[in-house]
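Line order of the protein sequences matches chains A and B. Position 16 of the first sequence, counted from 1, bears residue number 18 in the working numbering, the numbering being contiguous throughout. Position 65 of the second sequence, counted from 1, bears residue number 76 in the working numbering, the numbering being contiguous throughout.
Source of the hints: derived by calculation from the structure; they are not laboratory data. It cannot be assumed that every hint is accurate.
To be verified - Some chain A residues flagged as far from chain B (calculated, every beta-carbon gap over 12 Å):
#, residue
1, Ser212
2, Asp217
3, Val295
4, Gly297
5, Ser318
6, Gly323
Claimed, not checked - Okay, derived cross-link-like pairs now, SDA-like style, lysine to any residue, Cα gap no bigger than 25 Å in a straight line:
#, chain 1, residue 1, chain 2, residue 2
7, A, Lys190, A, Gly374
8, B, Lys35, A, Lys190
9, A, Lys358, B, Ser51
Note that the coordinates shown come from a computational prediction; the quantities given were computed from them, not determined experimentally. Ideal Cβ placement from N, Cα and C applies to all residues, glycine included.
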Amino acid sequence: MEEGTILEWFVKPGDRVEYGDLVALLDTEKAEIEMESFETGTVDSLLFETGETVAVGTTIALLRESESETGSVGAERPSDDAVPPVPSAPPAPTRSPPTRPPSKGPSTTAAQMPPPVPARTPEGGRIRATPLARRSARERGIDLTSVSGTGSGGAIVEADVRATTIQRKPERTARRREVIAAAMERSKREIPHYYLSNAIEIQNTVDWLSTRNVDASVDERVLLPALLMKSVALAARRFPEMNGHWLEDGFHPAESVDLGLVVSLRTGGLVVPTFRRADERSVPDLMAQLRDVVGRARAGRLRSSEMSDATLTLTSLGDRGADTIFGVIYPPQVAIVGFGGVHSSVCAEGDMHGTKAVIRASLAADHRVSDGQQGSRFLDQVARLLRNPEAL
Amino acid sequence: MTNSTIQGAVLAAIIEVAPDLEPKDLDSTTNLHDDLGLDSIDLLNIASEVAERTGFEIPESEMSRLHSVGDLIDFVERHAGEGA
Numbered sequence: 003m004e005e006g007t008i009l010e011w012f013v014k015p016g017d018r019v020e021y022g023d024l025v026a027l028l029d030t031e032k033a034e035i036e037m038e039s040f041e042t043g044t045v046d047s048l049l050f051e052t053g054e055t056v057a058v059g060t061t062i063a064l065l066r067e068s069e070s071e072t073g074s075v076g077a078e079r080p081s082d083d084a085v086p087p088v089p090s091a092p093p094a095p096t097r098s099p100p101t102r103p104p105s106k107g108p109s110t111t112a113a114q115m116p117p118p119v120p121a122r123t124p125e126g127g128r129i130r131a132t133p134l135a136r137r138s139a140r141e142r143g144i145d146l147t148s149v150s151g152t153g154s155g156g157a158i159v160e161a162d163v164r165a166t167t168i169q170r171k172p173e174r175t176a177r178r179r180e181v182i183a184a185a186m187e188r189s190k191r192e193i194p195h196y197y198l199s200n201a202i203e204i205q206n207t208v209d210w211l212s213t214r215n216v217d218a219s220v221d222e223r224v225l226l227p228a229l230l231m232k233s234v235a236l237a238a239r240r241f242p243e244m245n246g247h248w249l250e251d252g253f254h255p256a257e258s259v260d261l262g263l264v265v266s267l268r269t270g271g272l273v274v275p276t277f278r279r280a281d282e283r284s285v286p287d288l289m290a291q292l293r294d295v296v297g298r299a300r301a302g303r304l305r306s307s308e309m310s311d312a313t314l315t316l317t318s319l320g321d322r323g324a325d326t327i328f329g330v331i332y333p334p335q336v337a338i339v340g341f342g343g344v345h346s347s348v349c350a351e352g353d354m355h356g357t358k359a360v361i362r363a364s365l366a367a368d369h370r371v372s373d374g375q376q377g378s379r380f381l382d383q384v385a386r387l388l389r390n391p392e393a394l
Numbered sequence: 012m013t014n015s016t017i018q019g020a021v022l023a024a025i026i027e028v029a030p031d032l033e034p035k036d037l038d039s040t041t042n043l044h045d046d047l048g049l050d051s052i053d054l055l056n057i058a059s060e061v062a063e064r065t066g067f068e069i070p071e072s073e074m075s076r077l078h079s080v081g082d083l084i085d086f087v088e089r090h091a092g093e094g095a
């Protein structure tokens, strides 16, 4: 991600914000991202208008931490999901604060980073739009300054917002495709992949899920993807050569398993939110986060902190997917685990034959860091864990 | 709760989970998987939204039998009325 367009401010000067509060909605080449504050303080000023595009790392607002001090909220760089740039230094901490401007005065900072000329400013500073249109635009991440109004006196009505959304879908899809293509080209060019695959009989796991969910309320149910995530995360803890980053000076194993999950978007393209310390989380906890994050990813409402560097990625084709997927590693990571759909297969057990649920796991890993034997043991470990869901 | 209210609640639940869809994309024969591209996580989120709007929780055992928008509406209409 190189730049983002400010779609909406959630705060205004004078508002108090705490660390982690949402301050703005940004449109990036991948998705809309809700940007969080990495500081606590009172909003002193917003340096850009909605509709303006800013480069990553730009200070976009100033916070007053006390009467005499002003801090900044930057367009903090979440590491990209489909196109994670190869960093020249070890990955940044998960929630590092944005670069603070060298001076504490807002006017000085503004002088250093003069805001570009604002986008179309409506007469009187306020766009004429119906309340429904405003709400619809907010929900869809549409900047009202870019919508042509067809209502009375040129006011924007909800239909105008919907029409703009439809017009933009192909643009965004094409942009996402370019970003994914660039990352995958780079991966295939730079990383010596090797591939392994393993069919895992998971009838016990499927039965366990059915039994567990039969009396559970909707919000307490657990789905197979949460078990896949936990199994992979736990296995990665035992096989550090699958979990980390390849940097200029070689492989850096990660201290925690921050699992990226490939989420396909109905409108085209992928995003890869990160599940921090997935190995340490309970299955219900992972499931709750999975529902929340996937829902927001598909609604274009991921947060900047959720797009930070993953140390390993999981991709799953879902319930009705093809048998197998061989992933392409997201640099600077060194492995990606794939799961095909769950299918019924005839399995032999002694002299008996029966139909069992089977899922095919795959591993694409970096030959600079591991080899097929290690990868094979890693996949075996994933299978062992997945077959014993009660122990996850 | 009338059938029309339930139908509205189910359609609203689908659009809440898949905001890129429009009401015109949804009719009774629309397949949840093949036409709308919804997966198990989306369907669970839809079930949660339906429960919030109607007070009725779709049993887990039924989820895999609901293939179309019409299946979903019919099921909720039949069972929500029973006070399930």
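Here's how the hints hold up against the structure:
no.: 1; hint: Ser212; verdict: violated (7 Å)
no.: 2; hint: Asp217; verdict: violated (9 Å)
no.: 3; hint: Val295; verdict: violated (10 Å)
no.: 4; hint: Gly297; verdict: violated (5 Å)
no.: 5; hint: Ser318; verdict: violated (9 Å)
no.: 6; hint: Gly323; verdict: violated (9 Å)
no.: 7; hint: A:Lys190 / A:Gly374; verdict: holds (18 Å)
no.: 8; hint: B:Lys35 / A:Lys190; verdict: violated (41 Å)
no.: 9; hint: A:Lys358 / B:Ser51; verdict: holds (20 Å)
Hints 1, 2, 3, 4, 5, 6 and 8 from the earlier list are contradicted by this structure; the remaining hints agree with it.
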